[in-house]
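Q: Chain by chain, the residues:
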Amino acid sequence: MKTVAQGLRGFGAYMRSLMGADAYQRYLEHFTSTGHAGPAMTEREFWRDRMDRQDNNPQGRCC
Amino acid sequence: MGRAPDQEELDQEELDQLDLDQQDLDPEQSAERLDSTLPAAAVKDSVREAGERRWTPAKIGLWVGISLLGAVAWFMLALVRGETVNAIWFVFAAVCTYLIGYRFYSKVIERYLLKPDDRRATPAEYKADGKDYVRTDRNVLFGHHFAAIAGAGPLVGPVIAAQMGYLPGTIWIIIGVVLAGAVQDYLVMFFSMRRGGRSLGQMAREELGVIGGTAAQVATLLIMIIIVAILALVVVNALGESPWGVFSVGMTIPIALFMGVYLRFIRPGKVMEVSIIGFVLLMAAIIGGGAVAGTEWGAAFFHLDKVTIAWGLIIYGFIAAILPVWLLLAPRDYLSTFMKIGVIVMLALAIIVVRPEINVPAFSEFAGRENGPVFSGALFPFLFVTIACGALSGFHALISSGTTPKLIEKERQTRFIGYGGMLMESFVAIMALVAAISIDRGIYFAMNAPLALTGGTVESAAQWVNSLGLANVNITPDVLAQTAKDVGEESIISRSGGAPTLAVGLAHIMQQFIGGPGMMAFWYHFAIMFEALFILTAVDAGTRVARFMLQDSIGNFVPKFKEASWRPGAWLCTAIMVGAWGAVLLMGVTDPLGGINTLFPLFGIANQLLAAIALAVCLAICAKRGVFKWLWIVALPLAFVAVVTITASFHKIFSPVPAVGYFANNQAFSQALADGKTEFGTAKTVAAMEAVVRNTAIQGVLSVIFVTLSIIVIITAVVATMKAIRAGGGRNNEDPAVASKVFAPAGLFPTADEKALLAEWKALPAEKRTQKAGHHS
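Just so you know, the sequences run in chain order G and H. All residue numbers for the first sequence refer to the working numbering, where the first residue is 1 and numbers rise by one. All residue numbers for the second sequence refer to the working numbering, where the first residue is 1 and numbers rise by one.
Everything labelled a hint here was simulated from the structure, so no lab data went into it. Incorrect hints may appear among the rest.
Said to hold, decoys possible - Here are a few chain H residues that face chain G, going by a calculated C-beta distance under 8 Å:
hint	residue
1	Pro254
2	Cys389
3	Ile399
4	Thr403
5	Arg544
Even glycine gets a Cβ: it sits at the ideal position worked out from N, Cα and C.
From just these sequences and the hints, can you work out the full model?
A: See below:
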């Protein structure tokens with residue numbers, strides 16, 4: 001039972017990263033580890049910025 | 001914000017320690033520590049190689065076992081001539097061959113041709129910005145890359161190719177991916193990574209000069225238009241006269257808009273949450289579609305003919321491409337990724353559990369002819385262009401350069417992600433093939449032949465199919481009517497394009513796995529839904545990418561166009577791109593000859609020509625790196641794909657057989673018109689005859705343009721290669737080497753040596769471990 005739960009949790013975490021749901025966390029990690037001046041973007045700002053950058057930098061999707 | 005480190009920011013000492021020219025590396029120095037307080041960034045070359053060459057009895061046993069199982073599976077598929085063959089042998093033949101190809105062939109490519117060096121930082125490390133350049137866990141990136149390359153292509157091509165029997169397609173998909181498709185993806189990804197994530201077009205210009213580069217860029221743009229148009233044609237064919245399909249696929253638009261608004265304003269960043277909500281809504285849309293199509297008003301309102309749907313798709317395509325990404329494209333991409341993983345896992349499970357018996361012959365009656373009803377042309381070369389995605393897909397070169405290389409953590413992981421990712425796509429193609437051939441052959445031909453042949457009614461279709469004289473095929477009108485009823489459609493006659501056939505096959509397998517016959521209609525529309533979802537995502541993204549390419553090209557003459565935010569320019573370029581693929585789409589939808597039958601080869605040729613261009617660029621790069629002895633690894637698939645596509649193009653251009661040659665057909669219909677005939681072949685009116693004349697002329701001219709551009713690219717690449725061979729190497733356009741300060745294993749499972757090194761890294765205090773290279777600002 002415990003291993004099943006563990007497996008499911010692992011799969012959930014994998015899907016989360018796969019879908020890019022952890023992007024903000026990754027950004028924060030990067031931000032704190034590199035020691036920038038000024039505050040980091042808030043979560044809302046980050047996602048807005050991410051989407052708006054995609055507007056001008058489209059990613060292809062294959063057939 | 002995150003800024004990429006300049007060369008000056010690195011200590012000179014570090015650079016001295018890192019040998020810039022990897023050809024001259026002393027293997028024993030390879031684990032030299034760049035920062036004495038950190039563990040090594042790579043397993044020592046000598047240690048790694050010793051590990052790779054250590055053959056324990058268990059390891060030998062494992063590979064002997066895999067080889068034997070693979071051999072038995074191939075024997076069952078290729079040589080045993082029973083009445084039926086079990087689907088499980090397809091799975092074994094594919095998986096065993098992939099494992100051998102991955103373990104041995106891709107290792108040869110890695111060791112002798114590419115020579116990745118984990119002491120070098122990847123763009124994700126030296127350009128790290130927390131946004132576009134982010135070191136990503138290899139297993140996550142594998143899924144990410146796979147989701148970007150796999151779409152409707154591998155689900156459609158193998159279905160259409162099944163006309164010739166299962167064996168030609170199976171061999172091409174499995175052997176082709178090992179020797180060609182996965183090689184292309186791996187090489188392009190590696191070279192793009194070494195160049196900071198540059199695109200294929202940029203690499204072509206850099207390596208092949210202005211002429212080759214420009215030809216490559218123009219060809220890429222045209223090829224994208226064709227690919228988008230024909231993908232759109234597949235959707236239109238699947239949704240035509242299908243109220244259920246139109247409703248449920250149409251509902252994806254409001255669902256995506258809702259998800260977009262939710263993510264933007266209500267709960268930003270809750271990607272998983274919104275994807276699950278979207279998925280539930282999607283299932284509701286499929287189930288609701290059945291109810292809606294069952295009502296009188298629903299059936300009347302959503303019963304649309306193909307031309308109307310095509311226009312709807314064109315208008316939708318334009319709006320979707322100018323709307324902000326967050327509103328429609330991004331949320332639908334989440335849904336699409338979610339569905340992709342789910343569907344593929346489910347399909348694999350179902351095939352393994354159900355293990356359907358296949359009664360399609362290895363080679364069908366059409367394998368030796370060139371007038372098959374599903375696609376025209378002889379096995380060579382047309383089988384090899386009909387199945388593009390799954391065996392060798394040039395479009396992947398556009399994905400493998402650009403996004404994925406910016407996320408790779410360590411150089412050695414490109415083998416797993418690039419080569420391995422493509423093997424995975426090939427497996428999807430095999431499963432699609434199995435699903436499609438698990439249905440009765442009579443149904444297959446009734447569904448996939450053009451309307452002009454089947455006549456559109458169950459009686460005429462059954463009569464036509466039985467008149468083909470196929471072994472073991474004797475279909476009754478009742479069976480065709482019952483199948484349509486089972487999947488909740490009014491008719492399944494002449495639903496060409498591959499998607500509906502796959503959906504029937506999938507429904508057939510899935511109902512044995514979950515739900516029973518009562519669930520067939522649900523599974524059918526579930527399959528149509530995910531195929532449409534993948535295609536619409538590809539159409540949107542393709543239009544957008546093509547729009548930027550066009551803006552960039554026009555920008556060379558009118559600089560204002562380079563500003564992506566300049567609305568009139570963006571709208572104009574979007575309109576041009578949508579107009580271009582829309583015109584081809586309408587041509588396909590209204591084509592009296594049956595659209596898919598004539599256009600699908602053009603799709604394959606376009607896709608494969610792109611592969612030829614990508615491989616040509618890789619060939620030039622490899623020659624410039626000075627590894628002449630192993631150039632055949634690139635030259636082999638390049639030569640094959642060049643011969644296949646150029647031969648196919650020449651058939652299409654010069655063949656005197658009207659069913660194959662565009663101009664021969666053009667001539668025949670022009671002549672008929674000149675003779676004053678009012679009907680000719682499958683065209684029953686003068687207007688239809690004129691349409692054929694127009695369509696064949698356009699298709700013919702497009703073929704000529706494609707093949708000319710590709711030949712230019714290949715010639716410039718060969719010239720660049722010869723020059724490099726004579727000079728003993730050439731200019732290195734890679735980004736300068738930067739020392740890596742991180743470590744991660746190369747493959748799915750870490751090796752013993754990698755585990756030992758990982759343990760060293762884990763022992764470090766956390767703040768040292770997360771230190772990123774190069775940032776001192």
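Q: Give a verdict on every hint.
A: Hints and how they fare:
Taken as an interface hint, proline 254 of chain H does not check out: its beta carbon lies about 19 Å from the nearest beta carbon of chain G, beyond 8 Å. With 8 Å as the threshold, the beta carbon of cysteine 389 of chain H comes within range of chain G, its nearest partner Cβ sitting at about 6 Å, so the hint holds. For isoleucine 399 of chain H, the shortest C-beta to C-beta distance to chain G is roughly 5 Å, which falls under 8 Å, so the interface hint holds. This hint holds: threonine 403 of chain H has a C-beta 5 Å from the nearest C-beta of chain G, less than the 8 Å allowed.
For the restraint placing arginine 544 of chain H at the interface with chain G, the shortest Cβ-Cβ distance is roughly 4 Å, inside the 8 Å limit, so the hint holds.
In summary, the structure is inconsistent with hint 1 from the numbered list given earlier, while agreeing with all the others.
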